[in-house]
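Asks: Protein sequences appear in the order of chains A and B. For the first sequence, the positions run 1 to 370 when full-length UniProt numbering is used. For the second sequence, the positions run 1 to 370 when full-length UniProt numbering is used.
It should be emphasised that the hints constitute simulated quantities derived from the structure, not laboratory data. Be aware that one or more of the hints could be misleading.
Which copy is meant is left open, because identical chains are indistinguishable; a pair holds if it fits in one copy or across any two.
Result set (BS3-like, lysine-lysine): computed pairs, CA atoms no more than 27 angstroms apart in a straight line [said to hold, decoys possible]:
no., residue 1, residue 2
1, 73, 217
2, 50, 2
3, 79, 45
4, 145, 64
5, 211, 145
6, 45, 64
7, 70, 217
8, 79, 145
9, 73, 45
10, 255, 145
11, 64, 217
12, 217, 79
13, 50, 70
14, 211, 79
15, 145, 50
16, 144, 2
17, 217, 145
18, 217, 144
19, 70, 145
20, 70, 211
21, 145, 2
22, 211, 144
23, 255, 50
24, 2, 217
25, 211, 255
If you want the building blocks of each chain, they are given just below.
There are 2 protein chains.
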Amino acid sequence: MKRQNARTLALIICTFTYLIVGAAIFDALESRTETTQRSELHQRKVGLLKTFNLSTEDFDELEKVVLQRKPHKAGVQWKFAGSFYFAITVITTIGYGHAAPSTDGGKVFCMLYALLGIPLTLVMFQSVGERINTFVRYLLHRLKKCLGMRHTEVSMANMVIIGFISCMSTLCVGALAFSHFEGWSFFHAYYYCFITLTTIGFGDYVALQNKHALQTKPEYVAFSFIYILTGLAVIGAFLNLAVLRFMTMNAEDEKRDAEHRALLARNGSAVGGSGGGGASRGLQNVYAEVLHFQSMCSCLWYKSNEKLEYSIPMIIPHDLSTSDTEAFSNPFQSNGCVCSEQHHSGISSVSTGLHSFSTYRRLNKRRSSI
Amino acid sequence: MKRQNARTLALIICTFTYLIVGAAIFDALESRTETTQRSELHQRKVGLLKTFNLSTEDFDELEKVVLQRKPHKAGVQWKFAGSFYFAITVITTIGYGHAAPSTDGGKVFCMLYALLGIPLTLVMFQSVGERINTFVRYLLHRLKKCLGMRHTEVSMANMVIIGFISCMSTLCVGALAFSHFEGWSFFHAYYYCFITLTTIGFGDYVALQNKHALQTKPEYVAFSFIYILTGLAVIGAFLNLAVLRFMTMNAEDEKRDAEHRALLARNGSAVGGSGGGGASRGLQNVYAEVLHFQSMCSCLWYKSNEKLEYSIPMIIPHDLSTSDTEAFSNPFQSNGCVCSEQHHSGISSVSTGLHSFSTYRRLNKRRSSI
């Protein structure tokens, strides 16, 4: 089975399994409390009906008004500040639902607004995230130099650790702030920040809904907006670092397969071609070699030894020191790619156009992760 | 200013402007209705207090019970079916909020569950989306062949149109189904599907909350889950096609800049190097040439003429017909990359290691879009 198909199938099975396991655990954690709460609330309802001498129909009428009043109780939702807050929840896909368009025109515009706004925001946060990562990588490299460390390259592990610490810090800062402003416990405020910055946005906790804050506390409103957008950028940076590469795996494998087919086709015609001239065949072999270089060397970009990503761009012949490389005794190899020792045999054999493909296949184990 | 920084700044400004414009429009669309509804609901509340002889404190007590009863009224939320539904809303980040963990243990597990589940789901949907796109591309190519069309390559425009039609169809199918099962209008069901499949998930409309459907209608429950997951895959395919490439732009520019620096460094030492031997310099020039090929030819992957993406992998020397290419009179060029005519002059001059950089820079205008 083609690698991309196997990978996709494995991911589907993993996700489905993850859902089943999650459902079982949520059931175990919440089900009993739900049953208890349901019965308690039923008792309270019955008690209130008796106390206030209300029928079930009376209660239903009161219930309708209460539910419709809920967003209004929290304050004015659709003046500029509230609308800006809502617009943020749309294009970031947080979607608390604390306010939702009640007019059909509002719903139509909301859909059109999201259609353009969501991709724009996705690209923006990834762009900002990449810049943050590049800057952090640069700072860390300079710091290592200043500290006089022997290896000043910034590894993927370094970046992931820093990214993780940044995310945790962002959540803690938000938790402190919102617990103070909203009167929540630190844990509930942390939970709110987490649910917000992952864009899940349940809406069980929503900032700026107490004491008409949207109209009466402009500094707190500004802080909340800045916090949400900055926090999403920090999370975006971490996703850009740790997850984005996995989202392009299939496309890159397709590209490499296409190059492989091209190489096969070219070498097939080079070997079998009748006339055409020695010069033309020579050129074809050069291109086969280029393709081969390209296929092998592109693996460098994804090697877990990410020092290459920062200080040593692809195919820097020397000054390479990676834990993956064999001893550089071969002068050609010391100037070449560092995928494996087979590199050398692969290069010299490409000109025949035959042997290279077994080498190419061995070198195709580009990613250690799925 | 570096291109990546300029791009990021432009995106930030665009997004901020988009938010301001959106806020103004939502204000205009919803504010008046909100004011009217608020005053109507206030009148109704006053009326009900009078009718049922309730004080404001009595009403507050009833209000508390009504709001707490809301999720319970919709049915049992935390048995396996409901928990599975909730788990879907977590890892897909839809996050309706129709049910949210009430226990602290549930909240903690929810965060941990999302921490692993969201990246897994992102990668899974992108993987499935890429497979869908590849398959559709293949089908369309075969269809064009069967219809005897002259140009059988599948362009980006073809794929975007098909992707858009698929998304619209998915939304319409869902709208028909949910309007039937939930008793919503077609428009409101369409709005629900849109808000769900974009993962905004306000929670103003939530399927499976009527008539205890989660416990009493297993086929409808299964349909809803399958619809949500399949619909997200279709949207994911469209995002994979149209948006993902823009999310990696900065990283690719960084990579290319690094390669450029390497080329400069290598050619600088090649020109200025004292001894070292002709063989070593020859090898260095080969690598400079490889880098040069790579830089130039990688532009092919992103050319808007996406026929190259499917039927013509990178550096297929002949059978290339693109609107971007000059007449292939030069035999060398007809076997080479098709970025531009400068290719030939670039290649022959790389061995001096000097002229190629102006060529490289001209060819650096890889993406027409920001």
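Asks: Which earlier hints turn out false for this structure, listed by number in ascending order?
Replies: Numbers 2, 4, 5, 8, 15, 17, 18, 19, 22, 23, 24, 25 - these are the hints that the structure violates, sorted from lowest upward.
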